[in-house]
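Peer 1: The listed protein sequences derive, respectively, from chains A and B.
Residue numbering for the first sequence follows our numbering, beginning at 16 and increasing consecutively.
Residue numbering for the second sequence follows our numbering, beginning at 125 and increasing consecutively.
Since the hints were made in silico from the structure, they are not lab data.
Among the hints, erroneous ones may be present.
Said to hold, decoys possible - In silico DSSO-like pairs for lysine-lysine, Cα to Cα no more than 30 angstroms straight-line:
no.: 1; chain 1: B; residue 1: 153; chain 2: B; residue 2: 389
no.: 2; chain 1: B; residue 1: 478; chain 2: A; residue 2: 43
no.: 3; chain 1: B; residue 1: 482; chain 2: A; residue 2: 43
no.: 4; chain 1: A; residue 1: 45; chain 2: B; residue 2: 478
no.: 5; chain 1: B; residue 1: 392; chain 2: B; residue 2: 620
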Amino acid sequence: MNTTMIWQAGVVTMMATFGIIALIGYLKAKKR
Amino acid sequence: MNTGLLIGVLAYELIVIVGLGVWLQMRHKNQVASADEFALAGRDLPVPVVAVTLALTVLGTAHILGVFEMTWMMGSVAIWFSIAHVILLTFVCLGTGVWFRRLGVQTVPELLHRTSGVETRLLVTCVMAGVLFGILTVEAQGIGIVINALTGWSIAQGALVGGVLGILYVIFAGMREIGYVNLVNAIVMYLGLIAATAVIGMKLNGGFDAVGDFYRNEGMEDMLSIMGGPGLFINFALVNVVAVLFSQSINQMLIQPAMSAKSTKTIKKALWIAAPVNGMFGVFAIAIALAARAQPEFANMADGAKLGSTTMLVQYLPPWLAAVLLASFLAAILSTFAIIALSIATLFTNDIFKALYKPDASVATLTMMIRVMIIIIGGIAIAAASFLPPILAAMIWLFAWLVPVFFITMYGIFFKRHNGLSVVTLLTAWIINGLWSFSSLPMMFGMQRMGPIPVNVNADNYNAYITAIISIAVLAIGHFIVKGEDGLFKAQAKAKGAA
Chain A
16 MNTTMIWQAG VVTMMATFGI IALIGYLKAK KR
Chain B
125 MNTGLLIGVL AYELIVIVGL GVWLQMRHKN QVASADEFAL AGRDLPVPVV
175 AVTLALTVLG TAHILGVFEM TWMMGSVAIW FSIAHVILLT FVCLGTGVWF
225 RRLGVQTVPE LLHRTSGVET RLLVTCVMAG VLFGILTVEA QGIGIVINAL
275 TGWSIAQGAL VGGVLGILYV IFAGMREIGY VNLVNAIVMY LGLIAATAVI
325 GMKLNGGFDA VGDFYRNEGM EDMLSIMGGP GLFINFALVN VVAVLFSQSI
375 NQMLIQPAMS AKSTKTIKKA LWIAAPVNGM FGVFAIAIAL AARAQPEFAN
425 MADGAKLGST TMLVQYLPPW LAAVLLASFL AAILSTFAII ALSIATLFTN
475 DIFKALYKPD ASVATLTMMI RVMIIIIGGI AIAAASFLPP ILAAMIWLFA
525 WLVPVFFITM YGIFFKRHNG LSVVTLLTAW IINGLWSFSS LPMMFGMQRM
575 GPIPVNVNAD NYNAYITAII SIAVLAIGHF IVKGEDGLFK AQAKAKGAA
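Start from the sequences, fold in the hints, and give me the full structure.
Peer 2: Rendered as structure tokens:
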């Protein structure tokens, strides 16, 4: 894995992090 | 370390940024803080400010240092990055920028809520924020490179110092100030570029003609042609146009300045300034990089591709001119850094925090949340900058993720609205994009992932083609399967007709 791939993985991790926060909020909002 | 140069650059930044900031505060002292004030300048910006902000938002590290780097490695074919952006700005000023402004939304995902549904909105928010984060790390790298040219510090150290300045700039400035600083900086930058190119032409032995001769004598004529070597048109030139046009035209970072314009007319008029201000830059950058690569003292530098051109500028130009030029480059990169950080924070605050967690949040709370997110995201981006992906290759890979968003947005505005189809299109394109990037899928098509340097048939360049083809294919098939409602503009026209 070269450094470019590590950086790419970091970007995808950031997408996933936003995704988790959004998912939690989405489920909470649905309950409300 | 060139102390005089460093002081000159810092003085420029302080005078322009703080000076304009104070002037703007005094002018708008009596205005009530609207919800749109910090992130969208109260939707009040005039033509020159909108034009230059559009031009400079997409003129950051990628244009300045990325074109230097790409020209060093592949020659004049790097101009296609510039050409792609002129096409992009035309499409934004006459198309997407106008449409988003007309619809009065704060963010791109907000529009997608109307054309598709909340699930599409959330998926796009997360991926777009991630893409913008990636671009932010590249901008941080760029700040590091400019500071390296001034101080000799490592790129990572420069990224830390410069990134902190960038974060401070945007949390205090907001969209309005960024816009006016851009206007002043664009003028200074072009005056500096013209002067610098003239001075370098005079300093070089035999001027720019000798640079051309150098490449011809070394058997590197392809470096001088905008079509580049064999295969570069498909693998680089066309990929640039596809990736840039089908991603940046619906990217929050470019739509946010458009949405800050006084009116749709403002955006259309802005094209006449934005396109040349952005487009001409590439020509100068390529001339400078080709000249630097042809000089033995820079050609053999460690990491010459990233640092050679800026080092030549610092060494060949009289100190005052080098200060002006580097200061304006730094300001251009800082403005891109600022708008991107602001866009990510706006997306999070509007489409996740307000939409899902606190729908009744006050203007003050939302503005505070935007500022907090700028600090958090900015900080992480500075840290990630030190992985130093090659700049243009990184940008093209990032843009590929937004290509499906472009197609579902156009589909929902002009054809049909169907949330399920949007979601399926996005997920299919993104999953395959992920496989293309991280698994051995490209090998099955006979392509290699060559890593940093794009050569001929390289899987890394193809992500934008892949996501484009898949998006179009899924939407085309889905079009005949799903019912859905009329596209947004069609529905609005019908409603007007019925009224």
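Peer 1: For each hint, tell me whether it holds in the structure or not.
Peer 2: Hints and how they fare:
1. B:153 to B:389: Within the cut-off at roughly 27 angstroms; holds.
2. B:478 to A:43: Holds - the C-alpha atoms of residue 43 of chain A and residue 478 of chain B are around 13 angstroms apart, at most 30 angstroms.
3. B:482 to A:43: 11 angstroms, holds
4. A:45 to B:478: 14 angstroms, holds
5. B:392 to B:620: OK: residue 392 of chain B and residue 620 of chain B at ~24 angstroms, within 30 angstroms.
Checked against the numbered hints given earlier, this structure breaks none of them.
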